[in-house]
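J.: Below, each chain spelled out in residue letters.
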Amino acid sequence: MNRTVGVLALQGAYQKHVDCLSRLGVDTLLIRKASELDQCDGLIIPGGESTTMSLLIQESGMYEPLRDFAQVKPVMGVCAGMIMMSASVDDQRVKPLQIMPFRALRNHYGRQVHSFSADITLDFDADGDTFHAHFIRAPGVETLANGIEVLATCNDESVMIGDGGHIALSFHPELTDDARIHAYWLSNINV
Amino acid sequence: MVEKSQTMNDRSDNTQNNFDVNVGLAEMLKGGAIMDVTTAEQAKIAEDAGACAVMALERIPADIRRDGGVARMSDPDMIQEIKDTVSIPVMAKCRIGHFAEAQVLQALEIDFIDESEVLTPADEANHIYKHEFKVPFVCGATNLGEALRRIGEGAAMMRTKGEAGSGNIVEAVRHMRALQDEMKRLTTLGKEQLMSVAKDLGAPYDLVCYVAEHGRLPVPNFSAGGIATPADAALVRQLGAEAVFVGSGIFKSDDPAARAAAIVKATTHFDDPEILLQVSRGLRPGMKGLEMSEIPEQERLAVRGW
Numbered sequence: 001m002n003r004t005v006g007v008l009a010l011q012g013a014y015q016k017h018v019d020c021l022s023r024l025g026v027d028t029l030l031i032r033k034a035s036e037l038d039q040c041d042g043l044i045i046p047g048g049e050s051t052t053m054s055l056l057i058q059e060s061g062m063y064e065p066l067r068d069f070a071q072v073k074p075v076m077g078v079c080a081g082m083i084m085m086s087a088s089v090d091d092q093r094v095k096p097l098q099i100m101p102f103r104a105l106r107n108h109y110g111r112q113v114h115s116f117s118a119d120i121t122l123d124f125d126a127d128g129d130t131f132h133a134h135f136i137r138a139p140g141v142e143t144l145a146n147g148i149e150v151l152a153t154c155n156d157e158s159v160m161i162g163d164g165g166h167i168a169l170s171f172h173p174e175l176t177d178d179a180r181i182h183a184y185w186l187s188n189i190n191v
Numbered sequence: 192m193v194e195k196s197q198t199m200n201d202r203s204d205n206t207q208n209n210f211d212v213n214v215g216l217a218e219m220l221k222g223g224a225i226m227d228v229t230t231a232e233q234a235k236i237a238e239d240a241g242a243c244a245v246m247a248l249e250r251i252p253a254d255i256r257r258d259g260g261v262a263r264m265s266d267p268d269m270i271q272e273i274k275d276t277v278s279i280p281v282m283a284k285c286r287i288g289h290f291a292e293a294q295v296l297q298a299l300e301i302d303f304i305d306e307s308e309v310l311t312p313a314d315e316a317n318h319i320y321k322h323e324f325k326v327p328f329v330c331g332a333t334n335l336g337e338a339l340r341r342i343g344e345g346a347a348m349m350r351t352k353g354e355a356g357s358g359n360i361v362e363a364v365r366h367m368r369a370l371q372d373e374m375k376r377l378t379t380l381g382k383e384q385l386m387s388v389a390k391d392l393g394a395p396y397d398l399v400c401y402v403a404e405h406g407r408l409p410v411p412n413f414s415a416g417g418i419a420t421p422a423d424a425a426l427v428r429q430l431g432a433e434a435v436f437v438g439s440g441i442f443k444s445d446d447p448a449a450r451a452a453a454i455v456k457a458t459t460h461f462d463d464p465e466i467l468l469q470v471s472r473g474l475r476p477g478m479k480g481l482e483m484s485e486i487p488e489q490e491r492l493a494v495r496g497w
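Top to bottom, those sequences are chains A and B.
Counting from 1, one number per residue, gives the positions in the first sequence under our numbering.
Counting from 192, one number per residue, gives the positions in the second sequence under our numbering.
With the rest of the complex left out, here is chain B:
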């Protein structure tokens, strides 16, 4: 308890500094690929392929989807082993609203916590108040209102949600376009319209004003869910994603190391078709993937979050 109250005092003096440093780490991950890994060996493959961070989790989304049941924070020992293996930042997921899991991950000195819809939500009304933590959070969003609510709670990075574990890019594209369109629209509005927009979006007014002025979110925005090929990574980058999360797409493919390296290069050279062609050649088959109509509405992960 002593330790905790000390941290609280530091925060009251330093909330803004802490937020700036956490958004700063998100800035450093831009232009990179963050990969889901379930073992130390996979983490090593990801780092050797050029991943800028890894997401440590017990089961990748495709397997969570297949297995069913309640998906929770991963075993700390398994996360620790991955931390000990790689030098790049290590992220881990907690359930939506499960601040006790987040406290455990912070005590474990995880570099970024993903409050993730891929796990089974713990609170159906509230997300975690993230400004209370020293370590940064990333959250998912399908639209601008959801993104600004998460940033209002303290998220230092956003990721537009695709449908995790589907190997299908269509939802990632839908939500990236929705977010970009809404942001563009705000830049065309008069100041007198923004309070009404804040009301309609259910978003903090000051953040609505920021988007209207700058045409972008106040924190980096990455894309996650459904990325399975180098071209998928290039597509979401060209649509405005500043980096990509790749989950099942790598370790559900036939040659993870080669595919991981190809996706890293495609993320960097996203607007150079010659290089995209070159890195797309010679890859063994990717994950099979699911057509959206094969995923029942109640099993869709992207709709979780409020």
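Next comes chain A alone, as it looks inside the complex:
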């Protein structure tokens, strides 16, 4: 049976994730309503603006449905999506979904003039090539609880974390042609 991965499409870089998943031969569905989650085996929360996304999640009646979904299905969050997956955020303007036990720091690396690219090692592919990671007004990770695994670091900071089915990233795997991270997440979730 073909698996279907939903991509939350309220705001942000959702189309880039659809393109990436399509290259891996995975069916995708843009999600703008809670009822559409029923058809998904997993979900990506893309990058975008976390204040905008947080507001639209609440006003579209998706806050509880997304939390319920994450209880039983895998979720990958990127940048603003990482912030949405956190247990707490250093900014009252965002109400996170509390999917993973870590604290997110908004715009941890500063404004756009400080955005950067770096070649980082992926712990799950330590012998493979480095991954060309784009950090765009990227968030940071502050505290880690037990059960959270660091999957990649950059300058000694955690930039990719996971707890099995869920993973969260500070950088943007969808903006490169390198699909290893999407493939890794898919391989982990056994759907």
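I should point out that these hints are in silico values taken from the structure, not numbers from a laboratory.
It should be emphasised that the depicted structure is a prediction, and the values quoted were computed from it without experimental measurement.
There may be inaccurate statements among the hints.
As the list claims (entries may be wrong) - Result set (BS3-like, lysine-lysine): computed pairs, CA atoms no more than 30 Å apart in a straight line:
| no. | chain 1 | residue 1 | chain 2 | residue 2 |
| --- | --- | --- | --- | --- |
| 1 | B | K479 | A | K95 |
| 2 | B | K235 | B | K479 |
| 3 | B | K235 | A | K33 |
Let chain A serve as the given structure and place chain B on it in line with the hints.
T.: Same frame as chain A, but now just chain B:
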């Protein structure tokens, strides 16, 4: 000067990375509404309504149009106050070709510079060479040739021009359709025809080839100018705009907060008429707006740019 030459060295090593990261920020703004604001209070209203970015400027286009005179880059203190108030990206405008204003905005750590026809042009032949900057630029275009020239100079985002400050969507529609039609046409042509197209458009050949292959611009394309209602936002989204800029339409209306929130939702749910109906209800009157025949040719902003 030391600081500048260091930046130059970084760039020579990293021009492509820098461009990728800047186009990446444009990708993050997709599906959102970017709102013109003139004060910190307005910026707060925009952020609370769900704007994905704000454009800080001293006068919104409708007032620039009314007041006349030379329109320049805004006061840095006013931009700073807005930067300090909101957490979303802050954009600001410089005049066409005025690279010194752009240098000032970069030093101010603005997240996106709009080289904008809404301000009075500083150079009637040349736009800014945008690859020399670390921060991204957005530029306007009325057709494919103009869009590709701006991307060739380093623009990380395009916006098809409507008529700013008019509250009238007709020019935005005209130019979005013109751009989409031209792109579609290129996808039907043979490779041997593309150099001739590049010559006719006055556009870089490699970018013409990109459009012919992919049927879209190599950077995100948003719509700006004349958007005054949730339905306007939905219209340009359905015509192919990946996000919207809303200028005078919000803060020239009778209830900016409600209208801003409605336009944000309409931009997200642009193809869902039930939601569009719901968010279009209960709004107080929008800006009055201008019929195009009321705007003399020499006062039209969309024609600026070369």
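J.: Of the numbered hints stated earlier in the document, which are not met by this structure?
T.: Of the numbered hints given earlier, the structure breaks just one, which is hint 1.
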